[in-house]
Amino acid sequence: MAVKVKIPVPLQRLTKGKDEVEGDPGTVISLINTLDSKYPGLGERISEAGKLRRFVNVYVNEEDVRFLKNEETVVKDGDEVSIVPAIAGGIITAISI
Amino acid sequence: MEFTEEQLKRYSRHIILPEVGGKGQQKISDARVLIVGAGGLGCPVGYYLAAAGIGTLALVDNDVVELSNLQRQIAHSVKTLGVNKADSAKQTFESLNPDVNVIAVKERINSKNIIGLIKDYDIVVDGTDNFPTRYLINDACVMLKKPLVSGAILRFEGQVTTIMPGDGPCYRCLFEEPPPAGLVPSCQEAGVLGVLPGVIGALQATEVLKLILGKGKPLKGELLIYDALGVNFRKVKIPKNTDCPMCGKNPKIKELSDIPEQYCSI
Ligand SMILES: [Zn+2]
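Protein sequence lines correspond, in order, to chains A and B. Numbered according to the working numbering, the first sequence spans residues 5 to 101. Numbered according to the working numbering, the second sequence spans residues 281 to 546.
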């Protein structure tokens, strides 16, 4: 078992079209960093200097990590992590390029 | 107001629902709803609300209909190419249901006119395609305590939430700020599957009707995410943020402001 990570449509280009990828247990930020080494560019879309961007949310089992321990929130095997960016139809922003 | 014979027939499938009935249909007929944007989302929302018999339906849009809109903006047609979108949709909705008082507002919504535009409506629907307007509508709705049904689409993905100011989180509790303009290197137009706004718009219209009827539970404090490719509907929680710059304990935002025009809005 691993951590399931749901990738939003705007970022699926970086994961070769996959809407779900697997990650390692640990903190949210370490999970993102590890995913970035596998899918280059993913990390900077979600975080900057170790902090989550303010227009991208990360959820662990439906709970927003900002209300848990933010980047230091611990994810375990079997947890489901969702990455959810703010979207506004019509335009492609940096998050989705 | 008594329903006419014709109206009883028109709304009969509503009226026979115990959750709606004559009383509920009366509430729908008395309701005033304002939709910002008569585009991908505004068309289906307005279409279904007009069919439902909403009393007053305002559409705010200052763009004109273009051929590339017709792949998804179902209230317009080749007959209204070049016509203002609010006017074009008004024609369509009125021919569907003459009971509805459709008001076309041919203005671009901004910090100066938004309060005047929304203050006389019961519910606001966000069907806009850009971040600055999305945040402006949220802030104005929080100030005036107007319920806001928010929808957004991109490519194959959509998001919906219902904001009940004073009773749950707002859009800034969810995403505090729009992506900064500096992070928007090129403002390319994004693709969208034509039917996607239909799905999201139908969900928004459903939320509006539930609010009017006072039935079911509103999609508040949750973000519904639809992924058309993976055929997923998921919900994530939106906790009320006590530090929210708009609706938190010490709101930083005291007045409405426009984000510069050069911010990526097409
Ligand atoms: Zn808020």
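Hints are computed from structural coordinates only; laboratory data are not their basis. Fair warning: there could be bad hints in the mix.
Calculated pairs, DSS-like style, for lysine-lysine (alpha carbon to alpha carbon, straight line, at most 30 Å) [to be verified]:
id, chain 1, residue 1, chain 2, residue 2
1, A, K55, B, K520
2, A, K55, B, K392
3, B, K289, B, K307
4, B, K520, A, K10
5, B, K500, B, K515
6, B, K359, B, K399
7, A, K8, B, K307
8, A, K10, B, K289
9, A, K80, B, K307
10, A, K55, B, K534
Checked hints:
For the hint linking A/K55 to B/K520, the alpha-carbon distance of about 21 Å falls within 30 Å, and the restraint holds. Of the supplied pair hints, the one linking A/K55 and B/K392 is violated, its CA atoms being roughly 35 Å apart against a limit of 30 Å. For the proposed pair B/K289 and B/K307, the alpha carbon gap of about 17 Å is at most 30 Å, so the pair holds. Restraint check: the Cα-Cα separation between B/K520 and A/K10 comes to about 23 Å, which is no more than 30 Å; the hinted pair holds.
Distance restraint check for B/K500 and B/K515: the Cα-Cα separation of roughly 11 Å lies within the 30 Å cut-off, and the hinted pair is therefore satisfied. Between B/K359 and B/K399, the direct Cα distance comes to roughly 33 Å. Violation of the 30 Å bound is thereby established for this hinted pair. For the hint pairing A/K8 with B/K307, the CA-to-CA distance comes to about 45 Å; that exceeds 30 Å, so the pair is violated. For a cut-off of 30 Å, the pair hint linking A/K10 to B/K289 is broken: about 47 Å separates their Cα positions.
About 49 Å separates the Cα atoms of A/K80 and B/K307, which puts this hinted pair outside 30 Å; it is violated. Annotation: proposed proximity of A/K55 to B/K534 holds, straight-line Cα distance about 27 Å (limit 30 Å).
Violated hints for the displayed structure, listed by number in ascending order: 2, 6, 7, 8, 9.
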